[in-house]
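J.: Sequence:
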Amino acid sequence: MNRLRFRSARNTTAALLILAVLLFPVYWMLNTALQPEASIAATQWFPTSPGLTNFDTAISTQGGSLLTSLAVALGAVVVCLALAAPASYGLAQFGLRGGQGIVFTTLITQMVPGIVIANALYSAYAELGLVNSYLGLILADASLGLPFAIVLLRAFMVSIPGEVVEAAMVDGANRFTAFVRIVLPMSRNALITAGLFTFLFAWSDFMFALTLNTTDDVKPITLGIYQFVGAHVSDWGAVMATAVLSAVPAAVLLVVAQKYIAAGITGGSVK
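Going by the numbering used here, the residue at position 6 of the sequence shown is 6; the numbering climbs one at a time, nothing skipped.
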């Protein structure tokens, strides 16, 4: 019994130490943001006189970029799910010839370096007039989550009994109606998981934001922080406050949707 308690205490201590190491950058970011006029060399370990001055500066200078990132990320989620859901259903239920090859090719596309895709998109966007536009950035960011969403949703939709869809069609529903009213509600957890990861991909995107925008008309928060660091390299408190604000939406979504993520990822493994 003593040996088991010692082992449990040792494992708990090791886990806490690892967690502390992983969370230390987050703590230091928040700590620096709460210290007015903080510099990279004179930041105290604890904010003895915390203040929100840096956050006021971050909101006044980067508030527009936060709203831009939110609009682009939500738009990317809508586009990604609108394309991935029917594609996944077709691959899962219609027995398409070469379906496994399509899924494998979809996975391969995620291995292509982002800079290669961004440069190719810029040439196409220049001809289509999508450079420096919300639509162009939404479509580009949607492509980041599309392969993952297709693979995840297909793995889940394979487990949906075909008899359920057939029963709905016997009752008078057509294929599209059955997909919307039966398949999509049953795939809720997988849809939420795919949508969340697409949001995170789009929210953290920097390559497309830098390559496909040549003006400040559409400036996501990642590009805003990049430019903000260059302009305020001596004001690290404001920079860190901007980083904290940019991390809040992703953290909130992860906490709220964690149960759906667990169910969505494991749902496709049980048939």
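Take these hints with a grain of salt, some might be off.
Stated by the list, open to error - Label pairs and their computed distance ranges (CB to CB):
hint	residue 1	residue 2	range
1	Gly172	Pro113	47 to 57 Å
2	Leu128	Thr13	16 to 26 Å
3	Val164	Ala82	21 to 31 Å
4	Val164	Phe24	28 to 38 Å
5	Val164	Val21	43 to 53 Å
6	Gly101	Trp28	14 to 24 Å
7	Gly172	Val26	48 to 58 Å
8	Pro185	Arg7	11 to 21 Å
9	Val229	Phe6	26 to 36 Å
10	Val180	Val229	25 to 35 Å
11	Pro86	Ser60	24 to 34 Å
Honestly, the hints are just simulated from the structure, not real lab data.
A virtual CB, placed ideally from N, CA and C, is assigned to each residue, including glycine.
J.: Hint by hint, note whether the structure agrees.
T.: For each hint, the structure was consulted:
no., hint, result
1, Gly172 x Pro113: 47 to 57 Å, "49 Å, holds"
2, Leu128 x Thr13: 16 to 26 Å, "57 Å, violated"
3, Val164 x Ala82: 21 to 31 Å, "23 Å, holds"
4, Val164 x Phe24: 28 to 38 Å, "49 Å, violated"
5, Val164 x Val21: 43 to 53 Å, "47 Å, holds"
6, Gly101 x Trp28: 14 to 24 Å, "47 Å, violated"
7, Gly172 x Val26: 48 to 58 Å, "54 Å, holds"
8, Pro185 x Arg7: 11 to 21 Å, "45 Å, violated"
9, Val229 x Phe6: 26 to 36 Å, "47 Å, violated"
10, Val180 x Val229: 25 to 35 Å, "46 Å, violated"
11, Pro86 x Ser60: 24 to 34 Å, "43 Å, violated"
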